[in-house]
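Listed in order, the protein sequences are those of chains A and B. Quick note: the first sequence uses our numbering, first residue 1, plus one each step. Quick note: the second sequence uses our numbering, first residue 1, plus one each step.
Be a bit skeptical, because a hint or two may be false.
If chains are identical, the list can't say which one is meant, so a pair holds when it fits in one copy or spans any two.
[Stated by the list, open to error] Capping the alpha-carbon separation at 25 Å, the derived lysine-lysine pairs in BS3-like fashion look like this:
| # | residue 1 | residue 2 |
| --- | --- | --- |
| 1 | Lys292 | Lys55 |
| 2 | Lys292 | Lys229 |
| 3 | Lys134 | Lys292 |
| 4 | Lys104 | Lys55 |
| 5 | Lys55 | Lys267 |
| 6 | Lys292 | Lys98 |
| 7 | Lys55 | Lys78 |
| 8 | Lys267 | Lys104 |
| 9 | Lys35 | Lys55 |
| 10 | Lys196 | Lys156 |
| 11 | Lys156 | Lys104 |
| 12 | Lys292 | Lys234 |
| 13 | Lys154 | Lys292 |
| 14 | Lys267 | Lys156 |
| 15 | Lys234 | Lys134 |
| 16 | Lys234 | Lys154 |
| 17 | Lys183 | Lys196 |
These are computed hints drawn from the structure, not numbers from a lab.
Number of protein chains: 2
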Amino acid sequence: MIRAAVVGYGNIGRFAVEAVNAAPDIELAGIVRRKAGDKEMFDLPVVEDASSLGKIDVALLCVPTRNVEETAISYLAKGISTVDSFDVHSEIPALRRKLDGAAKAGNAAAVLSAGWDPGSDSVIRALLEACAPKGITYTNFGPGMSMGHTVAAKGKDGVAGALSMTIPTGTGVHRRMVYVQLKPGANLEEVTALIKADPYFSNDETHVIAVPDIDALMDMGHGVSMTRKGVSGKTDNQMFEFRMQINNPALTSQVMVSCARAVVRQKPGGYTMIELPPVDFLPGERESWVAKLV
Amino acid sequence: MIRAAVVGYGNIGRFAVEAVNAAPDIELAGIVRRKAGDKEMFDLPVVEDASSLGKIDVALLCVPTRNVEETAISYLAKGISTVDSFDVHSEIPALRRKLDGAAKAGNAAAVLSAGWDPGSDSVIRALLEACAPKGITYTNFGPGMSMGHTVAAKGKDGVAGALSMTIPTGTGVHRRMVYVQLKPGANLEEVTALIKADPYFSNDETHVIAVPDIDALMDMGHGVSMTRKGVSGKTDNQMFEFRMQINNPALTSQVMVSCARAVVRQKPGGYTMIELPPVDFLPGERESWVAKLV
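Start from the sequences, fold in the hints, and give me the full structure.
Right, here's the structure in full:
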């Protein structure tokens, strides 16, 4: 059995506990939180310091993206492998170099950006490049809630609550449907102007709509449609499409848990999912998966 | 540059030459055929024995599936890595064990069953298992020509030419639309009975249709729709779909050529595509693909 700690207990952490419990080959060593106060909530150890959990093979870092680097380095230094779902695409190469170094120094391994995008979508993009090396891949997100855009909208004067939905209009272009619950006395036209001026929204078609109760709109579903039209050898017009409609934190944490298997199978170093054999994500013996899936 | 020989020059071999020529990092050492007679067709060496091509890193085995094992073993014994598109699903585990042994003995590597199914579809199936470990994956083929069924239909008494189209009706169930060009005096009812009694067709809904000229129907396009509905952690109803509409031999040979990169990057042994990091299918440095795709 692989012993895993879930570090952080927000949305992703809660779903990660469920995914660990559903895995036949992984056991939950415990949950690590800054405040272990409500430990009576769980049948499992909730601690502030992972060292009180005994031997741990993998730490599943269910912390905010901005805390991933520091947290990962602290675990890797102790020789504990890590899996995270760091999601700032442009900063992944730099994080990979840092965690690669930290992992080798600690004789452990790190899988970074193990979610659905970045993550499983990245694997599809790599595979489609191999299938049709020339061409264009479009990744279309949604319909679903964008965390970053929602936080940006919520921060505006006059906004009590917000939800920014990402709506795909094809070829990687997105519409932003922003639902706002206004503070008493706030003016929708002014709020709309503030939101549309924000760099998060200024380049996209954005609609701002006032609603009386933002909580009534909340839904953790999300979707992707990725398309590639390209060339295999000299043959044009090869068409590929990958679609999914999923619960967002459930898929993110499931991918992290599947990567907990992969991370203990790698040599020390830092890896993204496109650098790992897909069979390593699966429990049990390679040969049975070759027989079942190939 | 990776030096590759194309072994066999049927449909797949012709497309493999195009894919090698389109690859920035692979050069064509030459073509190996049983009869090198028509060498004036090409600007490239066409030989009967690969040893006259100088140093070769990879042999792309574009030979019939039934000749793959013997051909692969002969190249691996010489220390030349191989890529094939062996496509009898049930026999892949046994072939993998044999080529694994032969590759290790020859200090080379073999990637087997590198086409689209088995092949790139297998990678998708593995990834979807990691995303939703519980659930059902359906692989729906077509519309497109089935080689095996076409050969079976063509072999019947009274049939001058045949084309068996695979039509997906969902949930992995397929209809067979069999077009036959009858020999003079042959009877459609009798031919239909022979075809429907064949184990290739007896379990599927099969329609047999007489046409005056079978060549007028030939088209190398094919398609796949794979769906998985499953459970991530404890969350049901996660929905995934992968679709493609492709030229069949062009994609098969492109996947083989992409695997020529992967095979030279592995330790000695035999591998299916689910056992290889997807980034290894792509030319150039890992880090640039991490930045572009992850």
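Earlier hints that do not hold, by number: Per hint list: 1, 11, 13, 14 and 16 violated.
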